[in-house]
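If you're matching positions, the sequence shown starts at 1 in the numbering used here and goes up one per residue.
Rather than coming from a laboratory, the hints here were simulated on the basis of the structure. Worth double-checking, as some hints may not be accurate.
Under the rule of at most 20 Å between Cα atoms (straight-line distance), these lysine to aspartate or glutamate pairs were calculated in the EDC-like manner [to be verified]: (1) Lys106 - Glu84; (2) Lys142 - Glu6; (3) Lys23 - Asp33; (4) Lys23 - Glu6; (5) Lys142 - Glu75; (6) Lys129 - Asp110; (7) Lys58 - Glu117; (8) Lys23 - Asp85; (9) Lys105 - Glu65; (10) Lys105 - Asp124; (11) Lys142 - Glu65; (12) Lys58 - Asp85; (13) Lys142 - Glu91; (14) Lys109 - Glu91; (15) Lys109 - Glu11; (16) Lys37 - Asp85; (17) Lys27 - Glu91; (18) Lys27 - Glu87; (19) Lys106 - Glu11; (20) Lys37 - Glu20; (21) Lys23 - Glu103; (22) Lys106 - Glu65; (23) Lys142 - Glu20; (24) Lys58 - Asp24; (25) Lys23 - Asp50; (26) Lys21 - Glu6; (27) Lys142 - Asp124.
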Amino acid sequence: MSHPLEAYFCETKNGNIPDEKAKDTLKSLVNDDRLIKDVCSIFNEYNNVDTVCYAVGKLYDVNGESYGCITILSEDVFALIGKEDLEQSQERFNHILIGSYLEYKKYGKDLGQEVFETWDEYVDIIMSKNFLSLYENGVRAKLIHNTSIANTSMPVVVFILYQNYDVIYG
Numbered sequence: 001m002s003h004p005l006e007a008y009f010c011e012t013k014n015g016n017i018p019d020e021k022a023k024d025t026l027k028s029l030v031n032d033d034r035l036i037k038d039v040c041s042i043f044n045e046y047n048n049v050d051t052v053c054y055a056v057g058k059l060y061d062v063n064g065e066s067y068g069c070i071t072i073l074s075e076d077v078f079a080l081i082g083k084e085d086l087e088q089s090q091e092r093f094n095h096i097l098i099g100s101y102l103e104y105k106k107y108g109k110d111l112g113q114e115v116f117e118t119w120d121e122y123v124d125i126i127m128s129k130n131f132l133s134l135y136e137n138g139v140r141a142k143l144i145h146n147t148s149i150a151n152t153s154m155p156v157v158v159f160i161l162y163q164n165y166d167v168i169y170g
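Input sequences plus hints: build the corresponding full structure.
Put into structure tokens, the structure is as follows:
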């Protein structure tokens with residue numbers, strides 16, 4: 001699979017699980033060593049500090065099923081947001097990004113292969129509309145998928161937020 005979105009679209013997970021089990025699933029994924037290692041290597045690719053990251057998972061009820069969303073911020077993005085606004089910002093990121101993902105999944109299936117080609121542009125539009133000052137400072141969201149995410153028992157989407165210095169400095 002060439003795009004993380006393709007991996008998510010192929011999953012057939014049931015979100016009809018007890019809330020406590022869903023919370024435990026998110027908690028274990030937020031603390032998963034393999035996921036953190038993968039995220040740090042992506043941060044490194046974008047010249048973001050790769051030794052510290054900030055992850056928050058949030059559980060949502062989507063049509064009666066549990067659905068998880070995790071955002072993982074680089075240290076560079078944390079420096080832009082600030083410690084006092086971190087929790088509120090991450091909850092807003094989760095809410096906006098999970099909603100965008102579910103909307104795209106619902107309407108994007110009719111696009112065929114183009115669905116994967118337009119996803120990144122769609123996420124950029126969502127980020128610029130909802131987080132303009134961060135977007136203007138190069139903050140971008142990227143959907144990721146790895147084995148740890150694939151092995152969860154419930155539907156979970158994971159995004160990283162990093163600072164794209166190429167956008168700022170050209």
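Hint check:
At roughly 35 Å between alpha-carbon atoms, lysine 106 and glutamate 84 are farther apart than 20 Å, so this suggested pair is violated. For the proposed pair lysine 142 and glutamate 6, the alpha carbon gap of about 14 Å is at most 20 Å, so the pair holds. A distance of roughly 18 Å separates the Cα atoms of lysine 23 and aspartate 33; the hinted pair therefore holds under the 20 Å criterion. Pair hint lysine 23 plus glutamate 6 does not hold up; C-alpha atoms about 25 Å apart against a cutoff of 20 Å.
Distance hint between lysine 142 and glutamate 75 is fulfilled; the C-alpha atoms sit about 16 Å from each other, no more than 20 Å. Among the hinted pairs, lysine 129 with aspartate 110 is inconsistent with the structure: their alpha-carbon atoms are about 24 Å apart, more than 20 Å. A distance of roughly 27 Å separates the Cα atoms of lysine 58 and glutamate 117; the hinted pair therefore is violated under the 20 Å criterion. The straight-line distance between the Cα atoms of lysine 23 and aspartate 85 is roughly 23 Å, outside the 20 Å bound, and the hint therefore fails.
Proposed proximity of lysine 105 and glutamate 65 is supported: the alpha carbons are some 16 Å apart, at most 20 Å. About 16 Å separates the Cα atoms of lysine 105 and aspartate 124, which keeps this hinted pair within 20 Å; it holds. With a CA separation close to 24 Å, the supplied pair lysine 142 and glutamate 65 exceeds the 20 Å bound. In summary, the hint linking lysine 58 to aspartate 85 is supported, as the alpha carbons are separated by about 17 Å, within the 20 Å threshold.
Only pairs whose Cα atoms come within 20 Å are accepted, and lysine 142 paired with glutamate 91 is accepted, the gap being roughly 16 Å. For a cut-off of 20 Å, the pair hint linking lysine 109 to glutamate 91 is broken: about 27 Å separates their Cα positions. About 14 Å separates the Cα atoms of lysine 109 and glutamate 11, which keeps this hinted pair within 20 Å; it holds. This hinted pair does not check out: lysine 37 and aspartate 85 have alpha carbons roughly 25 Å apart, beyond 20 Å.
Note on lysine 27 and glutamate 91: the hinted pairing holds, with a Cα-Cα distance of about 15 Å set against a maximum of 20 Å. Distance check on the hinted pair: lysine 27 and glutamate 87 sit about 16 Å apart at the alpha-carbon level, within 20 Å; holds. Pair hint lysine 106 plus glutamate 11 holds up; C-alpha atoms about 14 Å apart against a cutoff of 20 Å. Straight-line distance between C-alpha atoms of lysine 37 and glutamate 20 comes to about 26 Å, which puts the hinted pair past the 20 Å bound.
For the suggested pair lysine 23 and glutamate 103, the alpha carbons sit about 23 Å apart, so the restraint of at most 20 Å is broken. Of the pairs offered as hints, the one joining lysine 106 and glutamate 65 holds, with about 16 Å between alpha carbons and a cut-off of 20 Å not exceeded. As the CA atoms of lysine 142 and glutamate 20 are separated by approximately 28 Å, the hinted pair breaks the 20 Å bound. This hinted pair checks out: lysine 58 and aspartate 24 have alpha carbons roughly 11 Å apart, not beyond 20 Å.
Restraint check for lysine 23 and aspartate 50: the C-alpha separation of about 26 Å exceeds 20 Å, so the hint is violated. Simply put, lysine 21 and glutamate 6 have alpha-carbon atoms about 26 Å apart, too far for the 20 Å limit, and the pair is violated. Proposed proximity of lysine 142 and aspartate 124 is supported: the alpha carbons are some 9 Å apart, at most 20 Å.
The structure shown violates the earlier hints numbered 1, 4, 6, 7, 8, 11, 14, 16, 20, 21, 23, 25, 26.
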